[in-house]
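Model the placement of chain B with the ligands on the given structure of chain A, informed by the hints.
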Amino acid sequence: MEKAIQKEAPSLAYAIDIGMIDLKNAEFYMTTGGFTGLKYSGQDYNRITLRRAFPIGNPMEYISVADKDNKEIGMIRSLSDLSEKQYSIVLTELEKRYYSPTVYEVKSVKDKLGYVYMELLIGRDDSKYKKNCALKDVSKNIRMLDDDRLIITDVDGNRYIIQSLSGLDKKSFKRLEPYLF
Amino acid sequence: MSHKHEFHYDLDLAMQPAKGTVSFDQTGQIISFIGDKILLTLCAGDITEMSVIGGVGCGLLFAKMNDESEILLCRFTFSAMKAAGEFCKVINFYIQTKQYVTPEEKEQPVCEKCGRPLIEGMSVCLFCYNKISVLKRALDLLRPFAGKILPAELFLATSSIIYLLVPLFSRLLIDEYLRPMKGTSTQVFLLAGAMFLARALGELIYIFSSRVFNEASIQYANHLRNLAYEKIQKLSMSSLSKRTPGDLIRRVMEDTGNVRNFISDGGRWAVEQMIIFVVVLIILLFTNFELTLLVFIPVPVVSIALSRFWRFIHIRYERQWRKNSKCQSILHDIIKGIRTVKAFGKEDMEIQKFSKATRELAQVSSDNEAIWARLFPLMLFFTGIGEFLVLYYGGQKILNNTLSLGVLVQFSMYITYIYAPLRWLVSFPRWLADAMTSMVKIFEILDEEPDIISLPNPKNVPLSGKVSFEGVSFGYKSYEPVLKGIDLDIQPGEMIGIVGRSGAGKSTIINLIMRLYDPTQGTISINGVDLKEMSPEYLHENIGIVFQDTFLFAGSLYENIAYGKPEATATEVIAAAKAANAHDFIMQTADGYNTIIGENGHSISGGERQRLAIARAIIKNPSILILDEATSSLDVETESIIQDSLNRIVQGRTTIAIAHRLSTLRSADRLIVLDQGKIAEVGTHTELLKEKGIYYRLVMAQRKTSKIAEVS
Ligand SMILES: Nc1ncnc2c1ncn2[C@@H]1O[C@H](COP(=O)(O)OP(=O)(O)O)[C@@H](O)[C@H]1O
Ligand SMILES: [Mg+2]
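Going down the list, the protein sequences come from chains A and B. First residue of the first sequence? That's 1 in our numbering, and the numbers climb one at a time after it. First residue of the second sequence? That's 182 in our numbering, and the numbers climb one at a time after it.
No lab work stands behind these hints, which were simulated from the structure alone. Every value quoted in this text rests on a predicted model; they were computed, and no experiment measured them. The beta-carbon is built from N, C-alpha and C at its ideal position, and this holds for glycine as well. Treat the hints with care, since some could be wrong.
What the hints assert, rightly or not - Below, in silico cross-link-like pairs of lysine-lysine (PhoX-like), each with a Cα-Cα straight-line distance of 20 Å or less: (1) B:K245 <-> A:K68; (2) A:K140 <-> B:K534; (3) B:K523 <-> A:K140; (4) A:K110 <-> A:K170; (5) A:K68 <-> A:K112; (6) B:K665 <-> B:K263; (7) A:K140 <-> B:K859; (8) A:K140 <-> A:K171; (9) B:K859 <-> A:K68; (10) A:K171 <-> A:K128; (11) A:K110 <-> B:K312.
Said to hold, decoys possible - Far from chain B, some chain A residues (derived; all Cβ distances over 10 Å): (12) D44; (13) S80; (14) S139; (15) M144; (16) D146.
Same shape as in the complex, but just chain A (with noise of 0.2 Å):
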């Protein structure tokens, strides 16, 4: 049956063009400035900006690339189009673009008069360090992202990922449980 009725109406994607970049005539760069710019269909473009379409579900796909004056020059389906080079590049833009320390542990929380205030350890595998953050309006600033990733949005916008709530240490657990639902 679904089918059938897809088959009278074709998809918007027939309809419209989303503008995807033709990889084969981009070449990504690094600038001198310490930028990521783009040589594409004769023109050199010499800072651009790097976008998730889906920072969260889906990261990897769907990468909007703007230029100086934010005008958005096509989109890369996906980046495992990219060659291992090209790859390295785009994704290195995107993850100074994207900043959003791991949690590995919650020190403490403390509620104290609407806000909430936390010690985390965050950073990388290789590098973990204290941050105190504020957080004001739990409800809407501690955000289940799927069944068992977590994002925490603090006071100045900063933004840290619990990847596993489920491998998270007990005590940590324990703090965060009653901000959960």
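Leaving out everything else, chain B with the ligands in the frame of chain A:
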């Protein structure tokens, strides 16, 4: 004196945590370093502009060089974002003016005690802000009501003490008259009567004090509410837009209500119990020291158990509270968007979403009730131990004739007074915490500094003069400029049209003229007087404005038109309505100008709404009229009707009009084309068309989509 601006950043170029600094000194040198490793040195003379780009959770600082290249200076987390914006401003100011402003210690404020950075917009560290200081402040505000609250407190104490006399009477009755069997029946009657009277008197005084308490707490809450409301009215748009309307409403209504409840219930109860506890303790100690100690044996156990229990149940109640607020917000959302839900046929989906949330809430609540039901009797059991000990030990003593029966009866009666508060102590911390949180939320509003400052002696010149923008830059966030270096003179009586893509900053220019925000750089003046020297109230009274989304208040059409000038005469109201082409449709309604609109009232169409808004704006006979996409949501025909009336009204007034449909602005004396926060083109319609620039392209694009626009 060598000053240096410093910006401290917290990530290295590979996004690893680091402690780095960018410094900027009087010689114009900009150095980025981590520890003693210098990463980069630039000279301000080679730079055109310093900018910040915000990413997600992080940002970067970079320099646009004179040779058009761009150089990255450093990266940082959002914690340093604001400081980065400030730092940029200082350098850009230097680049533009060659003036080095000395730093005024604008580092991010941190708490002196714990070193945590203060949350933006707050003057105290909530982490260290202890409950005592909140309480002290709340009490300070309570002072005007002391005349009521203190006597009420006194009455309350009296009534408690009278109550506490009853066990003493009991002892007297037993030991003096009954046990030795030497009392007469009159004596017994008198004593029993005295006990009865004491109770009755206590009850009376109690009722009286409750009433006074309630009154005082209502007045106090009203007082707070008015303070908060007044403050909200005075706050600038930038402070207000940080919070949602719902949040502000909750602060004014619910939070003040919480405080009231606390004073009339929780707080009063606490004071009463404290008095009882102390008085009973004294009486007991004087009557029998040993037995008193026995009474107190279970107290430490109970206290420890209670605080454990409190922590346990607190977390669960917190969760229940959150689930409850989630249910409410789902409901709120759906009811607001019910038209969309129905139009998309998603009722079932929404029902499921809501019932899932309520199911969860029901689950948590019933779990909590179950825990409560299981644990509370346990608490009672502990206090039962004390009663047991007193009865057992006291009974032994009576048998040994070392204690009188009266004393034992008196003790077992007092035990209830000592333990009752303990039992309720479980809920007290929650009441207190709730009241404190509400109190702090109210204080937060009261403490907010209005950032649009009104000078004590404003120079309110007539607004019919020239409006000038000189080098005006502005951004809603310090690191994201929306307007950059706007220079513009608007002659008196001139009609200016502003065009540009959406998001170009058109409405922002209006916001600045209305002084809803102050520019970050540059000045705006009318008749040569800086807007900052005028009072915002004066400005708002003399500028008429029509927005795209018109807000009409619940009330009559008459009241809505006269909103801008409540003292307007009927003639004026009709004149304004006629000028705005609203008169005819108003007269079509049964109730004419007395027609009630708003909730449950007469519903009016978008075009009618807009005409009312125009009438409301011009009834003040403003010298400056602003139309911000006033007719954009209307169909072309209605627009042309309104346009006619506007053309009439605009005569002799300085008018600034923003419109999507360029044909609307045909009659403008000059058009300003805004692009990326800068003025890209200025000229009449014909001049701009000849220029074949942005305006030309916009016109052509609109012609393509609508054949009607016979422009030029
Ligand atoms: N209150 C606000 N807070 C933060 N950013 C805002 C606010 N109002 C507008 N902006 C931003 O400022 C820019 C210009 O907005 P605006 O002047 O409303 O544009 P328009 O030309 O469409 O009227 C937009 O990028 C918009 O997102
Ligand atoms: Mg606008």
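These are the hints, each one checked on the structure:
no.	hint	result
1	B:K245 <-> A:K68	holds, 12 Å
2	A:K140 <-> B:K534	holds, 18 Å
3	B:K523 <-> A:K140	violated, 27 Å
4	A:K110 <-> A:K170	holds, 17 Å
5	A:K68 <-> A:K112	violated, 43 Å
6	B:K665 <-> B:K263	holds, 19 Å
7	A:K140 <-> B:K859	violated, 36 Å
8	A:K140 <-> A:K171	violated, 23 Å
9	B:K859 <-> A:K68	holds, 16 Å
10	A:K171 <-> A:K128	holds, 18 Å
11	A:K110 <-> B:K312	holds, 14 Å
12	D44	holds, 12 Å
13	S80	holds, 22 Å
14	S139	violated, 5 Å
15	M144	holds, 12 Å
16	D146	holds, 17 Å
Consistency with the previously given hints fails for numbers 3, 5, 7, 8 and 14, ordered from lowest to highest.
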